[in-house]
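The sequence shown maps to residues 1 to 509 in UniProt numbering.
Treat the hints as calculated values from the structure; they're not laboratory data. Keep in mind that the hints are not guaranteed to be accurate.
[To be verified] For lysine to aspartate or glutamate, the following DMTMM-like pairs were computed, each having C-alpha atoms within a straight-line distance of at most 25 Å:
(1) Lys405 to Asp465
(2) Lys192 to Glu331
(3) Lys497 to Glu331
(4) Lys245 to Glu295
(5) Lys245 to Glu332
(6) Lys247 to Glu439
(7) Lys497 to Glu295
(8) Lys209 to Glu386
(9) Lys289 to Glu331
(10) Lys405 to Glu386
(11) Lys217 to Asp368
(12) Lys217 to Glu393
(13) Lys194 to Asp236
(14) Lys192 to Asp236
(15) Lys217 to Asp191
(16) Lys194 to Asp333
(17) Lys458 to Glu386
(18) Lys194 to Asp392
(19) Lys458 to Glu385
(20) Lys458 to Asp502
(21) Lys194 to Glu248
(22) Lys382 to Glu468
(23) Lys209 to Asp191
(24) Lys217 to Glu386
(25) Lys289 to Glu206
(26) Lys458 to Glu439
(27) Lys289 to Asp339
(28) Lys497 to Glu421
(29) Lys289 to Asp267
(30) Lys382 to Glu346
(31) Lys458 to Asp364
(32) Lys247 to Glu186
(33) Lys209 to Glu403
(34) Lys458 to Glu468
(35) Lys382 to Glu403
(36) Lys217 to Glu206
(37) Lys245 to Glu263
(38) Lys497 to Asp465
(39) Lys382 to Asp258
(40) Lys217 to Glu328
From a predicted model like this one, the values you see are computed outputs, not experimental measurements.
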Amino acid sequence: MASDGARKQFWKRSNSKVPGSIQHVYGAQHPPFDPLMHGTLLKAAPKVPTTPVKAKRVSTFQEFESNTSDAWDAGEDDDELLAMATQSLNSAVVMETAHRVLRNHSQRQERHQRQDGPAAEPPPSPSGDLRLVKSVSESHTACPAESTSSTVPLQRSQSLPHSATVALGGTSEPSTLSSSALSEREASRLDKFKQLLAGPNTDLEELRKLSWSGIPKPVRPITWKLLSGYLPANVDRRPATLQRKQKEYFAFIEHYYDFRNDEVHQDTYRQIHIDIPRMTPEALILQPKVTEIFERILFIWAIRHPASGYVQGINDLVTPFFVVFICEHIEEDDVGTADVSRVPAEVLRNVEADTYWCMSRLLDGIQDNYTFAQPGIQMKVKMLEELVSRIDEQVHRHLDQHEVKYLQFAFRWMNNLLMREVPLRCTIRLWDTYQSEPEGFSHFHLYVCAAFLVRWRKEILEERDFQELLLFLQNLPTAHWGDGDVSLLLAEAYRLKFAFADAPNHYKK
């Protein structure tokens, strides 16, 4: 019983402490990573006199605590320490301070052992404001090679010493850095394209993978011609193929174009002539030479495809190809302001022929969109409705509740491949991916339209009137869209395709 009493008295030596408030001990290089979660660690523990002990031996827990707590006891007000602890610290300052604290602690321990006496109060640290530090893994500041000074105190009003801040911020602004990094990425992507295109036989599968996330402007013309199937993969065969196809196109012009005013074809030509001025960008399309090129391309295609003939909407599909191919020969960044009359006539002839053949390749995959009654579009709009009802039932119910039919807004999305909904620059970026997909214009476009509709769910759900809803869906605010917006749209479309493409019954109720 005496031993039990002695044991009980041992734990009652300090009435101010209970087991729950025992101060934790951390290694010098691994301090508490989140001071806000361990606020009790910041409170200074009362110093308990120790008794003489043998070297490298601790007889009681209180003595052990007394000998180690001085390493991390800050001796300052808790609120101030917590405020300091939440600041971001420079990695070099962190490491230097940690090593200094460790050295100070070791020196005091050596003095205790030499004196073989009671532990003395530790002298104040030469840089008191740096005694509480974060681990290196918690520092988010760039790490310079060396600290500017080993004794610079850390001010509470800033996370870095003044000299260190200047050293870290002197090279360039964050916007410059991000722009530089972006340019490096673009240059790297361009190099990959050039290496791939420089080979004797272009790997079209690899080219599709590389093109899915966008094609650099300098290599877009040749890449589009390859992805559309207009040019062969073999480099040696390309010049002869181009020459043959261009010659074939102008043979069509000589044979058919003079019949445009005949009674059989005059309605087709008149409709083409009416539709072209309505296209965008107007500054480019309304130039006489460009208007003539578009009229020839559309009329020849209509004559050679009597199953569909010319249908409004086909005219829009000429623009992206023409713009991409003409940009190879003009200096202006904004093609809308380019003066096509300054481009040599032979170059314009080649661009016209290339545009015709690439557009023909595109339309071969979606021709049922433009045959009588346009069954392809009718079917795709129905599939869009079923898909949206599965992925966002609230939006679907809202449209149904206000009697908005999908054909009233989505018909144009399918007929013009979203060209009337987004700026031309975004259409070109979309087509980079469409041409990288096996059935991009016919199949993947459905998922892009679904993602596009759900993208506006907040605005759609806020509209409470049929007229306002339809007006919004026919005039979506995309004027300021860029590549980033298109990339997000394509990523969501790919997610939907991954979920539904191989299981079409999944989006049917």
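Cross-check of the supplied hints:
{"no.": "1", "hint": "Lys405 to Asp465", "in the structure": "holds (13 Å)"}
{"no.": "2", "hint": "Lys192 to Glu331", "in the structure": "holds (24 Å)"}
{"no.": "3", "hint": "Lys497 to Glu331", "in the structure": "violated (39 Å)"}
{"no.": "4", "hint": "Lys245 to Glu295", "in the structure": "holds (19 Å)"}
{"no.": "5", "hint": "Lys245 to Glu332", "in the structure": "violated (28 Å)"}
{"no.": "6", "hint": "Lys247 to Glu439", "in the structure": "violated (29 Å)"}
{"no.": "7", "hint": "Lys497 to Glu295", "in the structure": "violated (37 Å)"}
{"no.": "8", "hint": "Lys209 to Glu386", "in the structure": "violated (30 Å)"}
{"no.": "9", "hint": "Lys289 to Glu331", "in the structure": "holds (18 Å)"}
{"no.": "10", "hint": "Lys405 to Glu386", "in the structure": "holds (12 Å)"}
{"no.": "11", "hint": "Lys217 to Asp368", "in the structure": "violated (31 Å)"}
{"no.": "12", "hint": "Lys217 to Glu393", "in the structure": "violated (39 Å)"}
{"no.": "13", "hint": "Lys194 to Asp236", "in the structure": "holds (16 Å)"}
{"no.": "14", "hint": "Lys192 to Asp236", "in the structure": "holds (21 Å)"}
{"no.": "15", "hint": "Lys217 to Asp191", "in the structure": "holds (12 Å)"}
{"no.": "16", "hint": "Lys194 to Asp333", "in the structure": "holds (21 Å)"}
{"no.": "17", "hint": "Lys458 to Glu386", "in the structure": "holds (20 Å)"}
{"no.": "18", "hint": "Lys194 to Asp392", "in the structure": "violated (42 Å)"}
{"no.": "19", "hint": "Lys458 to Glu385", "in the structure": "holds (18 Å)"}
{"no.": "20", "hint": "Lys458 to Asp502", "in the structure": "violated (29 Å)"}
{"no.": "21", "hint": "Lys194 to Glu248", "in the structure": "violated (29 Å)"}
{"no.": "22", "hint": "Lys382 to Glu468", "in the structure": "holds (23 Å)"}
{"no.": "23", "hint": "Lys209 to Asp191", "in the structure": "holds (15 Å)"}
{"no.": "24", "hint": "Lys217 to Glu386", "in the structure": "violated (37 Å)"}
{"no.": "25", "hint": "Lys289 to Glu206", "in the structure": "violated (37 Å)"}
{"no.": "26", "hint": "Lys458 to Glu439", "in the structure": "violated (30 Å)"}
{"no.": "27", "hint": "Lys289 to Asp339", "in the structure": "holds (10 Å)"}
{"no.": "28", "hint": "Lys497 to Glu421", "in the structure": "holds (21 Å)"}
{"no.": "29", "hint": "Lys289 to Asp267", "in the structure": "holds (22 Å)"}
{"no.": "30", "hint": "Lys382 to Glu346", "in the structure": "violated (46 Å)"}
{"no.": "31", "hint": "Lys458 to Asp364", "in the structure": "violated (37 Å)"}
{"no.": "32", "hint": "Lys247 to Glu186", "in the structure": "violated (36 Å)"}
{"no.": "33", "hint": "Lys209 to Glu403", "in the structure": "violated (41 Å)"}
{"no.": "34", "hint": "Lys458 to Glu468", "in the structure": "holds (14 Å)"}
{"no.": "35", "hint": "Lys382 to Glu403", "in the structure": "holds (15 Å)"}
{"no.": "36", "hint": "Lys217 to Glu206", "in the structure": "holds (18 Å)"}
{"no.": "37", "hint": "Lys245 to Glu263", "in the structure": "violated (29 Å)"}
{"no.": "38", "hint": "Lys497 to Asp465", "in the structure": "violated (32 Å)"}
{"no.": "39", "hint": "Lys382 to Asp258", "in the structure": "violated (41 Å)"}
{"no.": "40", "hint": "Lys217 to Glu328", "in the structure": "holds (9 Å)"}
Hint compliance for this structure: hints 3, 5, 6, 7, 8, 11, 12, 18, 20, 21, 24, 25, 26, 30, 31, 32, 33, 37, 38 and 39 are broken, all remaining hints hold.
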